[in-house]
Amino acid sequence: MKKITVNFTLNGDAVEVSCEPDKMLVDVLRENLFLTGTKIGCREGECGACTVIINGDAVNSCLIPAAKVMGKEIQTIEGVADKGKLHPIQAAFIEKGAVQCGFCAPGIIMSAKALLDKNRTPDRGEIREAIAGNICRCTGYVKIEDAIRHAVRVLNEKSARGGEK
Amino acid sequence: MMKFIGKNMDRLDGVDKVTGAGTFATDITAPGMLYGKILRSPHPHARIVKIDTSEAEKLPGVKAVIHHGNVPNNPFNTAAPMYTTVPYLKPVLDQLIFCEKARYVGDEVAAVAATSEKIAEAACKLIKVEYEVLPAVLGIEEAMAADAPDIHPPEITPEGKNIVAEIIRIPPGPPSDALQKGFDEADVIIEEEFRTNVQKQCQMENMAALAIVKPDGSITVHCTTQTPHPTKAILAKAFGVPASKIRVTNPPYVGGGFGSRIGLSGKSEVVAVALSMATKKPVKVVYTRKEDFTATDTRHASIVNVKLGAKKDGTFVALDLKGYTNTGAYCTFGAELPGVLGAMTLAIYNIPAIRYYGHSVYTNRTPAGAMRGFGNPQGNFALERVVDMMAEKLGMDAKELREKNIAKAGDPWFLPYPCSSSELAECIRKCAKSIGWERRGNLNKDSSHIKRGLGMAVGTHVSNAWPFCVDYDNAYVAIQSDGSVNLSVGCCDMGTGISTSLPQVCAEALGVKWEDLTITFADTASTPFTIGNHASRGAYAQGTAVKAAAEDAKQQVLDYAARLFKVSPEALTIEDSIIKPVEAKDKGVTVVDPTTLPGAIEEAAAAPVPPPRDHKIVKPVNTQGPQKGISLEGLAYYAHIRNKQFIGVGRTIPPNAPPWHCVAAEVEVDTKLGTVEVIKMAAAHDVGTAINPKIVEGQIEGGVVQGIGYALSEEILYDSKGRQAHTSFSAYMVPTAEDVPEIDTFIVEGSDQSGPYGAKGAGECGLVCPASAIANAVANALDVKVNELPMTAERVYELINNH
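Line order of the protein sequences matches chains A and B. Residues in the first sequence are numbered from 267 upward in steps of one, following our numbering. Residues in the second sequence are numbered from 282 upward in steps of one, following our numbering.
Since the hints were made in silico from the structure, they are not lab data. Ideal placement from N, C-alpha and C gives every residue a C-beta, glycine not left out. Mixed in with the good hints, there may be bad ones.
[Claimed, not checked] Below, computed lysine-lysine pairings styled on DSSO-like, alpha-carbon distance capped at 30 Å:
#1 B:Lys339 - B:Lys588
#2 B:Lys339 - A:Lys269
#3 B:Lys495 - B:Lys588
#4 A:Lys289 - B:Lys562
#5 A:Lys334 - B:Lys562
#6 B:Lys399 - B:Lys495
[What the hints assert, rightly or not] Here are some chain A residues pointing at chain B (derived, C-beta under 10 Å):
#7 Cys285
#8 Ile320
#9 Ala357
#10 Gly399
#11 Val408
[What the hints assert, rightly or not] Negatives, chain B to chain A, calculated, CB over 10 Å:
#12 Thr300
#13 Pro430
#14 Pro455
#15 Met670
#16 Arg720
#17 Arg923
#18 Glu1019
#19 Glu1030
One chain only, chain A, in its complex shape (with noise of 0.2 Å):
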């Protein structure tokens, strides 16, 4: 299959990538890019160990071809700590034993992420509801639903301190 130019913005890089129409943006992240943070678990839209935040929205990459990208503003785990500086989901997850073996860490911390960064006032429902994509056998999700609400608070906390948004 012919190849075609794709160009999108990464962790806030513009970049390019030269690749086949209907490879799947997981691929390309993990192939072309290098970045195999995003993990694939079933490669059928099932297990959301591919989660990415594309324009806002926390999505499967393994369903998504590349064309579909052009031009989308892309966030992956690689991107969510700033300068070395965990996100405080991220540090939530370490602080309250979230992580097992840690395969569906990086989608699932990217979609709580997507959901944090348009509401900062998640019920437990919308929580997960939030996460409800994404099947982690390891934890039983306690208390990765315990970090995500102690990152609202952090990320509460922050805010009212004047600090970041």
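Based on the hints, put chain B in the right spot on chain A.
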């Protein structure tokens, strides 16, 4: 006061994992790498008459096509028992890299290496295989029938038609009349049959192996195994190459396991190595999720018969248990698992007359092997259901009946290690309180179609694999010349946190600062022999070896430092990486250069050329106190320039110890639909000392939720053609965040003398009792017999309407 044991240390792999920087086998690549794909049998039982690979080989990009005709055919076993089977049992060697006769839908027939996965996949479709289809059997009874086809040659099944390995009898030997005498004393006898279906581990990372066979014959395999060292031994035998040529490593993380890769990760390692040998290039094989569902070990489906006898006052007098487990096409853990089913089920209660008879059966299903709990959940469900039925028949409270009969610490029992500790009674109390047990029986109004129920189950498990499998570990603790400490142990961290818990044990035993410690793990090239991670053994068995290694290193340090302090080694201790007199413990010390200590001054005075008094290399430690201490860094350097090293070796083997657990459940059943909703779960676990309580809680919670899946929604069924009917996450229902009820988790610390700082096993325990407790709750809600798992809406609807 302990500094690290019992502390919620943040996981050492946390930052790596939340930033996406951590690597897994599926992330690893190598220069010049090719991709491997496997062609699998579409038939459950078929002889391969002919394989024609010519069309596949012609496809551009294809570098090798392999099948049973052009690879080594040394019989092996994909699972660790190939290398860990104990005397006088024989390892079952019933597999080859590729089958000559397909024994299940998904059996490996051929494989292709190509420049891309797509090309490899396309080439697989071009391989022409001529099959002679044979009659297939899927069920346990069917496979044991006299007219059933032999799935393996009779020499593999000496005990009878399709019976796997040895029949397990507890107590060993022919039946005695003690059991019948026990039942003769019983006022009430209950006899029931239970069935469980196939659960899948569903670890998030699929099976993966990158094999690099180099021109010098060395073989490196980056893979998802839970047991790097035994896997190395299996590969050496399967390929007939010296083990010294093979390195097996996790890279370093493994995306879950739950028993699915104790030994090889499916056949990904052998296929990748065979393809790499054929192409002389690195080859990576990553299974798809469908391959994971159809062609990697599952939990065993089972039939369990329970006959329990009790006196009027509730005292259990006799238990006769039979367990039959469906091991599928090949025996991975099929020989050992029925033993654990029987032993763990018999061990819960102190019953004078007991008997167990059990074995696995070959069928034409996907091989069943180890899954978290390892036969225990199947037996636990059966017995704990019968205990509830017994309580009802005796007119007793089910909790009180359990409390009356549970085994207690020090009780004599049939296992070859002591019942050394138990806080089960406290676990029961905690769960009963949390779930509101006193409400049981008063939850429902007759008019409502929604029925509530409460249920409870109790159980035990193991802290390592002895006596079912070989079980020992080695560990090294090296005090480096710069004062840093390297712990080397061949464990695998598949998510259980063992690469954090073992450093906690090491830091505690040695007395060093957390930041002074590093761990090398999961690599056969840089760690001493370690069985690996299964059987809830990491914290207990590996922890014992690590503690011994740290103590050995500490003793060497103290012996050496004592000469400098001019005191006996017993007069010194190490705290926060400072070596100091014991009486200065918990008090400040002034850290000095070791050369200023009296023993060092004497040594220097006697030397022909006096050494410099201050090396200025060791960084000063700003502490103050009346007594002198020296930093570990200072001593290590002092020793280093005098050719002295400190390396501790750990090879202590703990005997095994019983963890205990109670789970209580509250459920709501919609009698019009048959659906079951879990309202709340309480889980109380005696895991001995929790080395890292946050990690232990995570193990319990994760186990409980897997148990909810096992109870209600997870199963792989087969269609009439012998094909798996549940092969994706949209068909096989694992719990999501929205399915999780309130979970109350309790760690009840019943310290056990045999484990490191009193620790016992924890990993599998969370998944032993939840389904049993939920089944008892459903039975309580509906007043029906629940004799099969999972309790899908269809089955519950049937129970309600055929009642």
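Hint-by-hint comparison with the structure:
For the given pair, B:Lys339 sits about 62 Å from B:Lys588 by alpha-carbon distance, which is inconsistent with the 30 Å threshold. Only pairs whose Cα atoms come within 30 Å are accepted, and B:Lys339 paired with A:Lys269 is accepted, the gap being roughly 24 Å. Of the supplied pair hints, the one linking B:Lys495 and B:Lys588 is violated, its CA atoms being roughly 58 Å apart against a limit of 30 Å. Simply put, A:Lys289 and B:Lys562 have alpha-carbon atoms about 25 Å apart, close enough for the 30 Å limit, and the pair holds.
At roughly 35 Å between alpha-carbon atoms, A:Lys334 and B:Lys562 are farther apart than 30 Å, so this suggested pair is violated. Of the pairs offered as hints, the one joining B:Lys399 and B:Lys495 holds, with about 25 Å between alpha carbons and a cut-off of 30 Å not exceeded. Look at A:Cys285: its Cβ only gets to about 12 Å from chain B, farther than 10 Å, so that hint breaks. With its C-beta approaching chain B no nearer than about 17 Å, A:Ile320 sits outside the 10 Å limit, and its interface hint is violated.
Checking A:Ala357 against chain B by beta carbon gives a least distance of about 8 Å; that is within 10 Å, so the hint holds. Residue-level restraint check for A:Gly399 holds (minimum Cβ-Cβ distance to chain B is 8 Å; threshold 10 Å). Using the Cβ-Cβ criterion of 10 Å, the hint placing A:Val408 at the interface with chain B is satisfied: the shortest such distance is roughly 4 Å. The claim that B:Thr300 is not at the interface with chain A is violated, since a C-beta of that chain comes within 10 Å of its own (minimum 6 Å).
Every CB of chain A is more than 10 Å from the CB of B:Pro430 (nearest about 34 Å), matching its label as outside the interface. Residue placement check: B:Pro455 keeps its beta carbon more than 10 Å from all beta carbons of chain A (closest about 44 Å). In this structure B:Met670 is separated from chain A by more than 10 Å, as the shortest Cβ-Cβ distance comes to about 29 Å. Consistency note on B:Arg720: stated as away from chain A, and its beta-carbon is indeed over 10 Å from all of that chain's, at 24 Å minimum.
With a minimum CB-CB distance of about 40 Å to chain A, B:Arg923 clears the 10 Å threshold, and the non-interface call stands. Not every beta carbon of chain A lies more than 10 Å from that of B:Glu1019, the smallest distance being close to 5 Å; the non-interface claim is violated. Distance to chain A confirms B:Glu1030 as a non-interface residue, since its nearest Cβ pair spans about 18 Å, more than 10 Å.
The structure does not agree with the numbered hints 1, 3, 5, 7, 8, 12 and 18 stated previously, though it agrees with the rest.
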